[in-house]
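J.: Sequence:
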Amino acid sequence: MDTLRNMRIFVRVVESGSFTRAASNETMTTAQVSRAVTDLESRLRTRLLNRTTRRMSLTEAGERYLQSCKRILADIDQAEAEAAAAHANPAGKLRVYGGTSFGQHYVMPLIARYQQHLPDVSVDLTIAQQMPDIIEEGFDVAVVVAAELEDSALISQHLGSTAAILCASPDYLRARGVPRSFDDLEAHTCLHLTDASLTAGQWVSEGPLGETFRHTGVTPFQVNNPEALALAIREGMGIGPLPVPVALPGLADGSLVRVLPSHRLQKLNIFALYASRRYLDAKIRTFVEFLREKVPLVLAEQEAALAGCDAPASSRRATAHARKVREPDRLRLVN
Numbered sequence: 000m001d002t003l004r005n006m007r008i009f010v011r012v013v014e015s016g017s018f019t020r021a022a023s024n025e026t027m028t029t030a031q032v033s034r035a036v037t038d039l040e041s042r043l044r045t046r047l048l049n050r051t052t053r054r055m056s057l058t059e060a061g062e063r064y065l066q067s068c069k070r071i072l073a074d075i076d077q078a079e080a081e082a083a084a085a086h087a088n089p090a091g092k093l094r095v096y097g098g099t100s101f102g103q104h105y106v107m108p109l110i111a112r113y114q115q116h117l118p119d120v121s122v123d124l125t126i127a128q129q130m131p132d133i134i135e136e137g138f139d140v141a142v143v144v145a146a147e148l149e150d151s152a153l154i155s156q157h158l159g160s161t162a163a164i165l166c167a168s169p170d171y172l173r174a175r176g177v178p179r180s181f182d183d184l185e186a187h188t189c190l191h192l193t194d195a196s197l198t199a200g201q202w203v204s205e206g207p208l209g210e211t212f213r214h215t216g217v218t219p220f221q222v223n224n225p226e227a228l229a230l231a232i233r234e235g236m237g238i239g240p241l242p243v244p245v246a247l248p249g250l251a252d253g254s255l256v257r258v259l260p261s262h263r264l265q266k267l268n269i270f271a272l273y274a275s276r277r278y279l280d281a282k283i284r285t286f287v288e289f290l291r292e293k294v295p296l297v298l299a300e301q302e303a304a305l306a307g308c309d310a311p312a313s314s315r316r317a318t319a320h321a322r323k324v325r326e327p328d329r330l331r332l333v334n
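Using numbering that gives the first Met the number 0, you'd call the opening residue of the sequence shown number 0 and step up by one each time.
Hints listed in this document are in silico derivations from the structure and should not be mistaken for laboratory results.
Hints may be right or wrong, so weigh each one.
Unchecked claim - Cβ pair distances, simulated, as ranges: (1) 224 x 251: 52 to 60 Å; (2) 60 x 28: 20 to 28 Å; (3) 173 x 224: 52 to 60 Å; (4) 218 x 149: 23 to 31 Å; (5) 119 x 180: 37 to 45 Å; (6) 125 x 217: 30 to 38 Å; (7) 73 x 52: 50 to 58 Å.
Beta carbons are placed, not taken as given, at the ideal position from N, Cα and C, and that holds for glycine.
With these hints in hand, go ahead and build the complete structure from the sequences.
T.: Right, here's the structure in full:
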């Protein structure tokens, strides 16, 4: 017996004033409506309606039960409406995980832009080096950087790829010389970034022709935070790998110099992970779609900025002058 269905029929009978009208409203036969009310009374062992061939009235117990039914059915209708809205309308709290460096330099700025479009979504961002158990810890989306994904039941969306670059300080290179090939690194002090996404204890590099180079050596310093490694490199402690957004400020102000610019360290893929594709909550769906659109654009912007830093100083000055000349025209277009 479907108790909720019978409760709805009972309410409909009382509101319409007859079994016949209730049957018409519910697209049922009068006998089916009568049976539903009888089943309720049998289950409750209480008479809900006094009925004769000419009239029908609620018993005292029926009056109390009617009010309870209305309240329960209203709560159910509201719960179903809210659940259905979650699929259609982005709103509520979105829990996001991002790796330490990528979360800070990519995910955080993109969240700010996402919320400009969808202010009804509040975001709880966790930035940590170790990826959590997404389902166990209640995360909606994880944005991870890895060479390859481990097998899992999670749904993944590929957002793009990135790679660290080698940097040193001008003082270090003046004192120790500039390496011209990957093999030259054997004569240099190499600092390591310890990260779950990187190959432990070695640098794997792709050369200008797609060839693979490996450097393995004992390091006098390693750290699990890219910003801390950037400080160590600026202090002249050695050559080290940095994510592009961490390296760019130093490359722009001259406190860092790119080493072996024709080489990129191991390519890492960027993925958005979430629990299920079926009945996806609107805030999860729209956030993943936003990442798929914007992450490639951000990566392209950073590549352009990196190319500008790699250009000869004379070329950079000419580019800056051209921008200054064009600036009034650009301002006129904006205004």
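J.: Next, verify each hint and record whether it holds.
T.: Each hint tested on the structure:
Checking the proposed 52 to 60 Å range against residue 224 and residue 251 shows it is violated: the Cβ atoms sit about 21 Å from each other. With their beta carbons about 26 Å apart, residue 60 and residue 28 fall inside the hinted range of 20 to 28 Å. With their beta carbons about 27 Å apart, residue 173 and residue 224 fall outside the hinted range of 52 to 60 Å. Look at residue 218 against residue 149: about 27 Å separates their beta carbons, and that is inside 23 to 31 Å.
Separation of residue 119 from residue 180 is about 55 Å and departs from the stated range, judged on CB atoms against 37 to 45 Å. Distance hint check for residue 125 and residue 217: the Cβ-Cβ separation is about 34 Å, which falls inside the suggested range of 30 to 38 Å. Distance hint for residue 73 and residue 52: a CB-CB separation of about 33 Å, inconsistent with the stated range 50 to 58 Å.
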